[in-house]
Amino acid sequence: MDWQAFWLTIRLAVLVAALLVAMGLPIAYWIAYSRWRWKFLVEAVVALPLVLPPTVLGFYVLLALGSRSPLWRWWQAMTGHTLAFTFTALVIGSVIYSLPFAVQPFAASFALVDPKLLAASATLGASKLRTFLRVVLPLSTPGLVTGVALSFAHTMGEFGVVLMVGGNIPGVTRTVSIDIYDQVEAFNFSSANQTALVLLAISFAALCLVYGMNRKLWELWPWK
Amino acid sequence: MQAAEQIVSAATMSLPDTLSVRVGKRLPGADRDFALEVDLTISPGITILFGPSGAGKTTLLDCIAGLTVPSSGQIAIGNKVFFDLDREINLPAQTRRIGYVFQDLALFPHLTAAKNVAYGLAEATRSEQRKQVDTILESFRISHLRERRPGEISGGERQRVALARALVTDPCLLLLDEPLAGLDAPTKSKIIDDLRAWNRVHRIPILYVTHSREEVFALGEQVIVLENGRVVAQGTPHEVMTAPRQETVAQLAGFENILDAVVIAAHEDRGTMTCRIADSNVDFETPLVRVETGSALRIGIRAGDILLATMPPQGLSARNVIPGHVVSLQQRDVIVSARVDCGVEMEVQLTLAARDALQLQAGREVWLIVKTHSCHLMAS
Chain B
1 MDWQAFWLTI RLAVLVAALL VAMGLPIAYW IAYSRWRWKF LVEAVVALPL
51 VLPPTVLGFY VLLALGSRSP LWRWWQAMTG HTLAFTFTAL VIGSVIYSLP
101 FAVQPFAASF ALVDPKLLAA SATLGASKLR TFLRVVLPLS TPGLVTGVAL
151 SFAHTMGEFG VVLMVGGNIP GVTRTVSIDI YDQVEAFNFS SANQTALVLL
201 AISFAALCLV YGMNRKLWEL WPWK
Chain W
1 MQAAEQIVSA ATMSLPDTLS VRVGKRLPGA DRDFALEVDL TISPGITILF
51 GPSGAGKTTL LDCIAGLTVP SSGQIAIGNK VFFDLDREIN LPAQTRRIGY
101 VFQDLALFPH LTAAKNVAYG LAEATRSEQR KQVDTILESF RISHLRERRP
151 GEISGGERQR VALARALVTD PCLLLLDEPL AGLDAPTKSK IIDDLRAWNR
201 VHRIPILYVT HSREEVFALG EQVIVLENGR VVAQGTPHEV MTAPRQETVA
251 QLAGFENILD AVVIAAHEDR GTMTCRIADS NVDFETPLVR VETGSALRIG
301 IRAGDILLAT MPPQGLSARN VIPGHVVSLQ QRDVIVSARV DCGVEMEVQL
351 TLAARDALQL QAGREVWLIV KTHSCHLMAS
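As they're listed, the protein sequences go chains B and W. According to the numbering used here, the first sequence is numbered sequentially starting from 1. According to the numbering used here, the second sequence is numbered sequentially starting from 1.
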């Protein structure tokens, strides 16, 4: 088992999940509460990664990060480095690819909060931000856990986007799923199997957390 | 109430201000559009907002609270303007300082009673918060619930927590949307006492929505009757409820019996007239009003204003004694409602004890006794 690839993947997944909380909460808030008539366009864009082949997504991300794009020039001017085939590129691609897995559960749980509670909070003098922090967020915990766990697990296992934007550089962009692919290519089935089992266990644990949370697992928790 | 007086010293007293509301609000509906169009002045004290569901009561409260934007008009309390379409003023709900108790209370389910009550005191220091919360919890007699969540306490306790949460913020106006619906009478009257005591010290306007006639008489200094988005009657409970001009008000005011009738004779000398109930040969003697013989009108009679006798009564001052028989008896709480057929079907209310003493049952022959002045006349 390639531990370097394993830790790289964990680092990537944690970072992506954290970024998705930071970016996903405001996007989800806007989707849940905006009454803009063209809102559906934004919802469709956010959901695109669900149906788009990862290679297509990866291809466009690669173009966007390539030497001809304004983003590349900006990044080059800011840091003096290129973007494509770096860990940063991997993070950018993964954030886009996992966006719906975070935003959709967040938005769904925000929309479930009784609007009367928001009205009550406003009449009690609370700003929109305070209402969000004190009422909406605490009542959306299952949706938050679902979003974080799904985007973490989804990033752990992605392949197409990573291959397109990151390539296969050990210690930089070589993730577990690419490692498995390489092992199989080299007919190294037992090693591939070990790594695959670890991924399977992590994904299963993440989903258990999601479904357990939605069933209020903590009420059954023996050590609380 | 001593605890209520303690609140005064804790909160800064503000001068009582009058609420003036002149708003129009159009809401698209499935069958037809609904339009609210009211012009009201509401003084400090309790004003009851009364009306059938769909009359626009909650819409009116939402406009005042800033949760719904009116289509036109102006809302102000004292000289503080909440909303003015012409001057493009629309204060957001969180800056209006209005206490609002919602129909379904809207307590925060994840917070304890104490934290729910403290929610509106964000700007106070922690020790000040604690002091104010303690005082109000005590004055509403719910100190023992402070660490419990809304899901763990009874309906009446939840209603007290919701009231305390709205009152502790020292609002300049209080909106109560059926805050006591579904409570039993003793609990209700205790909470009403607490609210009145609070209002005696905090002279702010309170707009209180209710369906219940008992609450109108128990609470209201003023009543406003809303129907179809318009004010149809306004005055003291006594003025509005005892002399209703409109049939909807009459039904709301508890006239269980509303009968179509025709004037057949006027007795100028006695100050009464005889009216025949439509499609029957039942006559009622009613107070005299200025109408032509032969004109149609409606008679409203409260079910509780009718006496029942099981033998032909004699030597009575009441002018209307009408024979009939009991069709059915139905017990509601501690009241028995009897339907009596005497040519027309009438509802009569009596106590459990009266039913048992008279051994009433379906089919029993009875006489209805109605005083002339229990017959309230309305235009048909």
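Please note that the accuracy of each hint is not assured.
[Unchecked claim] No farther apart than 30 Å at their CA atoms in a straight line, the calculated lysine-lysine pairs in the DSS-like style are these:
#1 B/K116 with B/K128
#2 W/K131 with W/K188
#3 B/K116 with W/K131
#4 W/K190 with B/K116
#5 W/K371 with B/K116
#6 W/K131 with W/K190
#7 W/K80 with B/K128
#8 W/K131 with B/K128
#9 W/K188 with W/K80
#10 W/K115 with W/K131
#11 B/K39 with B/K128
#12 W/K115 with B/K116
Note that these hints are calculated values from the structure, not bench results.
### Message
Please list, smallest to largest, the hint numbers that this structure does not respect.
### Response
Violated hints: 5, 9; rest satisfied.
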